[in-house]
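Taking our numbering, the leading residue of the sequence shown gets 1, the next gets one more, and so forth.
Think of the hints as simulated: they come from the structure by calculation, not from any bench. Just to be clear, a hint being listed does not mean it is correct.
[What the hints assert, rightly or not] With beta-carbon atoms standing in for the labels, derived distance ranges:
no., residue 1, residue 2, range
1, Arg-10, Pro-111, 17 to 23 angstroms
2, Lys-79, Val-35, 17 to 23 angstroms
3, Arg-39, Ser-77, 19 to 25 angstroms
4, Arg-112, Val-35, 21 to 27 angstroms
5, Pro-7, Arg-113, 15 to 21 angstroms
6, Arg-5, Arg-55, 37 to 43 angstroms
7, Leu-14, Leu-100, 30 to 36 angstroms
8, Ser-77, Arg-116, 20 to 26 angstroms
9, Leu-100, Ala-66, 16 to 22 angstroms
Every residue, glycine too, gets a C-beta built ideally from N, C-alpha and C.
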Amino acid sequence: MAARRTPPQRRAALRHGMHAELAAAAALSFKFYRVLAWRYRGGGGEIDLVVRRGRTVAFVEVKARADLDAAVLAIGSVKQERFARAVRHWLVRNPWATGLTLRCDAVLVVPRRWPRHVPDAFPLPF
Numbered sequence: 001m002a003a004r005r006t007p008p009q010r011r012a013a014l015r016h017g018m019h020a021e022l023a024a025a026a027a028l029s030f031k032f033y034r035v036l037a038w039r040y041r042g043g044g045g046e047i048d049l050v051v052r053r054g055r056t057v058a059f060v061e062v063k064a065r066a067d068l069d070a071a072v073l074a075i076g077s078v079k080q081e082r083f084a085r086a087v088r089h090w091l092v093r094n095p096w097a098t099g100l101t102l103r104c105d106a107v108l109v110v111p112r113r114w115p116r117h118v119p120d121a122f123p124l125p126f
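Please work from the sequences and hints to get the whole structure.
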């Protein structure tokens, strides 16, 4: 189990995460995605970004780590389950999206590299 962070460490981690989300949103906007929601919380989970392009709505998990492998490994089964609960919560509040293509994407953010967008990074469990 990881050690508890002090308030300054928590603020620094939050700031780092917000910068990663900004970078992810910028990278997705260059691919013509439009941000529908940012840091959506509900159902006991959180979605970093909800974006849309055409008839596709993507629920995006942003991971900032030292390298790509660490970023991929950070999206484990527990995270995916919390993420799925938040997706279900978002869909209940946005029923217009149920007829569109829905998927879970990831954007991996590592130092000194353009964010890597991974479409359909993990499945929706429903």
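Going through the hints against the structure:
1. Arg-10 to Pro-111: 17 to 23 angstroms: Once the Cβ atoms are compared, 21 angstroms apart, the range 17 to 23 angstroms for Pro-111 and Arg-10 holds.
2. Lys-79 to Val-35: 17 to 23 angstroms: Check passed, 21 angstroms falls within 17 to 23 angstroms.
3. Arg-39 to Ser-77: 19 to 25 angstroms: holds, 22 angstroms
4. Arg-112 to Val-35: 21 to 27 angstroms: holds, 25 angstroms
5. Pro-7 to Arg-113: 15 to 21 angstroms: The hinted range 15 to 21 angstroms is violated for Pro-7 and Arg-113, with Cβ atoms some 30 angstroms apart.
6. Arg-5 to Arg-55: 37 to 43 angstroms: holds, 41 angstroms
7. Leu-14 to Leu-100: 30 to 36 angstroms: holds, 31 angstroms
8. Ser-77 to Arg-116: 20 to 26 angstroms: holds, 21 angstroms
9. Leu-100 to Ala-66: 16 to 22 angstroms: violated, 35 angstroms
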